[in-house]
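Peer 1: Since chain A is already given, all that's left is putting chain B on it; use the hints.
Respectively, the protein sequence lines represent chains A and B. Using my numbering, count along the first sequence one by one with no gaps and you end on 458. Using my numbering, count along the second sequence one by one with no gaps and you end on 348.
In case anyone wonders, no lab produced these hints; they're calculated from the structure. Where hints are given, some of them may not hold.
Only pairs whose alpha carbons sit at most 16 Å apart, straight line, appear in this in silico EDC-like list of lysine to aspartate or glutamate [as the list claims (entries may be wrong)]:
#, chain 1, residue 1, chain 2, residue 2
1, B, Lys163, A, Asp314
2, B, Lys170, A, Asp337
3, B, Lys200, A, Asp327
4, B, Lys230, B, Asp292
5, B, Lys288, B, Asp312
6, B, Lys200, A, Asp314
7, B, Lys291, B, Asp318
8, B, Lys242, A, Asp327
9, B, Lys163, A, Asp337
One letter stands for each residue in the lines below.
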Amino acid sequence: MNLFPELRKSFIASLWFMFLTFPIMVIRVNTIENIVEWRWMNLVFVGIGSFFLSWLWRYLLSRKEMGVNKKTDDQDRTSLVSRLMKNKQLIIPAAALLAIFTIIFPHIFSTYQTSIMITALIYVMLGLGLNIVVGLAGLLDLGYVAFYAVGAYAYGLLNYHFGLGFWTALPVGAALGALFGILLGFPVLRLRGDYLAIVTLGFGEIIRLILENWNEFSFGPSGIANIPRPSFFGMDLSIQWATVYIYYIVIGICCITIVIVGRLQDSRIGRAWIALREDEIACQAMGIDKARTKLNAFALGATWAGMAGVVFAAKTTFINPASFTIWESIIILCIVVLGGMGSVVGVVSGALVLILLPEYLRAFSEYRLLIFGAILIFMMVFRPGGIVSDVRRVYRFESSAMDDKPQEYS
Amino acid sequence: MKAVLEVKGLSKDFGGLRALNGLDLDVGEGEIVALIGPNGAGKTTFFNCITGMYEPTEGDIFISPTGNGNVKERLQGLKPNQVTAKGLARTFQNIRLFQNMTVLENVMIGRHCRTKAGIARAIFRFASQRREEREIVKKSFEIVEKLGLKQYVNEFAKNLPYGAQRRLEIARAMATQPFLLLLDEPAAGMNPHETDELDELIRKIRKDEGISILLIEHDMKLVMSLSDRIYVLDYGQKIAQGTPKEIKNNPVVIKAYLGEEIDA
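For reference, chain A alone in the conformation it holds in the complex (with noise of 0.2 Å):
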């Protein structure tokens, strides 16, 4: 790297950034005493501050720059993860390890930090379900909340007027997301990108404004309480334990989750799903039935959402519109791209990032949202792919002898 122009180039961008902080950053008018206070110590930093980070900007940059013209080095990094997963003597005593931790976890940490968990696992649920609308089957859902906030509202209407409980809401809740899903799906066939991301978008809106304003049917904003916690065999739990028994639940809604995502995935559904995302036209020209096909990604991903939502509502027992605006959407669509579209230990990761992140880094405060901002920006630039990107299944053939089984390595 050159070193003088580089220096010239950090410069000028502190420069920069000292004009436009400077009206926030340096004047501040004292409104008790009339005057304006001028803080040129302030402009300092943000002239410092800018420079080496400029500087640090543009030196990774220009690394990940070397790092793509290194082919081999190059692939030997992104491949990290990857080829962790693949080494089975390690991923054995790893999964085994991840296991035991997430069984203990609710006995060994307090129960405030099981509920963040809890949480978190519902974003994971979520992430998966939005993982087949937006990461394979390449549709760009903006309004995937309001699948969430039927399966809230199934199981609180459904408990409050007929008295049913959590085992019953579940899969009814996942139906009405699915059903939810079909019905979005219809007119949407035809549009792609943009123009579904606005439909979809209203759709979320939609609901959410149903929700708030039909008040003999959801309660308007005052929301739906005393939401029942899933009972065990009929015993209700203090709030401790009924904690303890969700984060199980929740774990194995997760684990079953995991496995069929991963197994249509890598079916025939599936791999229609993908080449839908890769191209439509092609994707008809094959023989890919389109309209069915987007049908079955939407219906699917509701489903999740529709359970993932009975999930929150009995563990939060209370919902109202506000637990269900854009910004949740947004959130469950950033851990899907941050995670990385299309790979289901992404999402997992992603979901667990974003959601966890935040909650810890609240010691730093007002700053929080500033930092997990900032990381989010990192992550783009410098790991477009995601956290961990998706893997293609990997067939080999030991000779071309047709009886041969194919052999999976990946």
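Peer 2: Frame of chain A; chain B shown alone:
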């Protein structure tokens, strides 16, 4: 000879523009038929009408699949995927592969319309689904091997050299088990060596699989050596048809391609 594809009076209007005008065409069993004509003559429009991408304004399209006696079926009004299920597979002029899928997966997609495992089967992995899945992999691999793509089998489609991408498009179409293959400019952008290979490949497909072929092509050398019969299109009209020899000496065709001679 029995005709596997019969097109009668096919017309297609785009607003006020008549892209195809009363076209008659047929492809016999095991025949290689070429469709040629200057740019904008309506060749690709014709393909799109047949494969259900466009709905024809007028005319009839009949198929009678190989090995199905003399039963004629109408093809209009079917969606592209239904047309493919009937046994017509196509490739595209501008390559349309599934870029981020491997070569084998691309071919496996072609098996989609010949298999039927649904969501429930995919989730529960019944024995029937596993058997079907093995079958898909096996068949796809056979096709990959046949088209000389074995060395790329686990490569992403986007990383393939150009000629191999063209071949992969044909492989993918073959996986749908067609009786008629519609190739839209398969030799576009190929060097002479690759074109020769393609020539061989198309002959092999006809010979080994008994698939009839309808191709659009600008490379006259390939067209003349390969086709049994040629149709020439200009401004949506058929201006000539016949064997390569007849076409080569047809004054109307020469005029369409080279323009009219001006008398001094």
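Peer 1: All hints, please: hold or fail.
Peer 2: Against the structure, the hints:
no.	hint	in the structure
1	B/Lys163 with A/Asp314	violated (26 Å)
2	B/Lys170 with A/Asp337	holds (13 Å)
3	B/Lys200 with A/Asp327	violated (21 Å)
4	B/Lys230 with B/Asp292	holds (10 Å)
5	B/Lys288 with B/Asp312	holds (15 Å)
6	B/Lys200 with A/Asp314	holds (15 Å)
7	B/Lys291 with B/Asp318	violated (31 Å)
8	B/Lys242 with A/Asp327	holds (13 Å)
9	B/Lys163 with A/Asp337	holds (8 Å)
Hint violations for this structure: numbers 1, 3 and 7, all remaining hints satisfied.
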